[in-house]
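*Asks:* This is what each chain is made of:
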Amino acid sequence: MTIQTIEVLLVEDSPSDARLTQEAFKDGKIRNNLSIVGDGAEALDYLFRKGKHVEARRPDLVLLDLNLPKVDGREVLRRVKSDPHLGSIPVVILTTSEAEEDVAKAYEYHANCYIRKPVDLARFLEIVSVIENFWLTVVKLPPNAE
Amino acid sequence: MQQATGSQGPGGISPASTFLLVGIVIIAIVTGIVAYGVIRDSRAALIDAYLVRLDLQRAQTLITEEVTAVRGYVSIRQRPLLANFDATDRELQYTLDSLRARARRPLLSGLSADVADVEAMHARWHRSVAAPLLAGSAAAARLEPSGNLLVDHMNADLTAAQGVAEAAAASTESSVARTVAVSIGVIVFFVVMLGIVALRLEYVRFAKERALRSEIDERNQALERSNASLQEFAYVASHDLQEPLRTVASFTQLLQRRYAGRLDKDADEFIAFAVDGATRMQQLVNDILEYSRITTHGKPLVALDLKVPLERALTNLRSAIAEHGAAIDVQTLPVVWGDEVQLTQLLQNLVANSMKYCNHAQPEVAVRATRSDGEWTISVHDNGIGIAPEYHERIFRIFQRLHSRGEYEGTGIGLAICKRIVDRHGGRIWVESEEGQGATFSFTLRAATASEGEAG
Chain D
5 MTIQTIEVLL VEDSPSDARL TQEAFKDGKI RNNLSIVGDG AEALDYLFRK GKHVEARRPD
65 LVLLDLNLPK VDGREVLRRV KSDPHLGSIP VVILTTSEAE EDVAKAYEYH ANCYIRKPVD
125 LARFLEIVSV IENFWLTVVK LPPNAE
Chain Z
23 MQQATGSQGP GGISPASTFL LVGIVIIAIV TGIVAYGVIR DSRAALIDAY LVRLDLQRAQ
83 TLITEEVTAV RGYVSIRQRP LLANFDATDR ELQYTLDSLR ARARRPLLSG LSADVADVEA
143 MHARWHRSVA APLLAGSAAA ARLEPSGNLL VDHMNADLTA AQGVAEAAAA STESSVARTV
203 AVSIGVIVFF VVMLGIVALR LEYVRFAKER ALRSEIDERN QALERSNASL QEFAYVASHD
263 LQEPLRTVAS FTQLLQRRYA GRLDKDADEF IAFAVDGATR MQQLVNDILE YSRITTHGKP
323 LVALDLKVPL ERALTNLRSA IAEHGAAIDV QTLPVVWGDE VQLTQLLQNL VANSMKYCNH
383 AQPEVAVRAT RSDGEWTISV HDNGIGIAPE YHERIFRIFQ RLHSRGEYEG TGIGLAICKR
443 IVDRHGGRIW VESEEGQGAT FSFTLRAATA SEGEAG
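So the sequence lines, in the order shown, correspond to chains D and Z. Quick note on numbering: our numbering labels position 6 of the first sequence as 10, and the sequence is numbered without any gaps. Quick note on numbering: our numbering labels position 251 of the second sequence as 273, and the sequence is numbered without any gaps.
In isolation and in its complexed conformation, chain D is listed as follows (with noise of 0.2 Å):
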């Protein structure tokens, strides 16, 4: 059996938020390929492979945050849900927004899930390490179609 490496798309817009991200995956048990975009308009070319991310790989999974500068990350998981190729990769929406119409829009939009990050760091490192064990270990990923 082949270790497989897990392609993961974080996108997120605060540098310090992207990094403690990147801590948390660092420590993970499963490995991965943790790729770090800015904004909406750079998650869409990195998902639909325009511009410097042709080459990029499809990922398994998208930790999403909402509010992004140039396209909203509502916008992006609207467009990647509606895509045939791309709609299956769950996408995990993972913010500071507690609005109750935020959390309504996510699922609308077929959100995989809704968590908001939390304050404190050790519940952070926690629920990054819940994301990690749930989707990279405990769920059965659609085959990646590359």
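Keep in mind that the hints were calculated from the coordinates and are not lab data. All the pointers check out, no bait thrown in.
Restraint ranges, calculated between C-beta atoms of paired labels, are given here: (1) S248/Z with R120/D: 28 to 38 Å; (2) S133/D with E312/Z: 23 to 33 Å; (3) S133/D with E240/Z: 51 to 61 Å; (4) D290/Z with S133/D: 23 to 33 Å; (5) S133/D with E431/Z: 21 to 31 Å; (6) S86/D with D288/Z: 50 to 60 Å; (7) L145/D with E431/Z: 42 to 52 Å; (8) L145/D with S248/Z: 48 to 58 Å; (9) R61/D with G299/Z: 36 to 46 Å.
Ideal placement from N, C-alpha and C gives every residue a C-beta, glycine not left out.
Given the coordinates of chain D, assemble chain Z onto it according to the supplied hints.
*Replies:* Then chain Z, alone, in the frame of chain D:
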């Protein structure tokens, strides 16, 4: 707020206007009295004129009767025909006296010459015609024509006098009509003036009131705006501070995690202070956010059974109650106007405080409600450490604490939140306590009925 200055309130009338109003009323009253006097006098004059005309007619009738009686006696010599002659004569004298008296009135003065003439003629007729005829004088027959002349003369005088009386009545009538018309005109004029003045005053008052009201409205709006923007500011500031604070706290914590024991002792201590400071600041910012949410995120007040938020509060405090082994005694609670989420928080904070400041004894907490004048006073009584009277006000202010963090933890937000919730509900909150004697926190809420709750 600034008070309206001067003696004139929004509903007052200025002294000048009062003077004017009183003047107009006095003129109208005087006109009325004068007109009434004129009409009353005229009425007397009209009655006089009417009585004069009656007297004149009677005089004429009496003279005719006398003449007829004398003539009848002369022709048929029957004594009984003269039976009433003297009585008739006396009545005529009486009538003429009355006429003479009335002729002294200004309008009837034209009568006096005629009346005097009639009297003189009658006396002459009596003396030179009637008396000789009645005495059966032989020459009497010759007197007849001159007697007739005298009678005709008297009749003419009386007819002329009738004319004078009629003219007097007519002139009185027209003067009454004129007086009535003039006084009605005067009164109408002044009443209209009064109306105009009153309308003007009313308008001035209305304009003043409107100006004052719009000024008050403007100030209220300005106050509301500044209040709202302050609350908005507190909310936004604390909300937006959370983000960078989270970064500071997270990375100092990450530093602590990764590098504790790997640098020197000083570094460990510095990092520990940084972590502690950042964590406390996060707590403070959270508290401010929670505090400002009471007004920015409050729900409309509805009629609700206070039992519901209390039960919810006790459920939330389950583990603390078990940990302290607290005895919570609740009596029947009323239906009040409130925001359920906020009342839950209010009761939860008060009960939690009662257990927190328990002085290591088993906490005994009693929740009671008493009614007075449309509101309920809810009290939370405990057997804890109590609060010295000099701190009874201070404890309700934000971030005011009586104890060091070593003794009792917390930022000092709990009672400030309680006060803000009670304020928003239009009630009062206070504490009664002595140091070491337990404490009773009380607050008031507007009473409601269960049916209002169903309707709302």
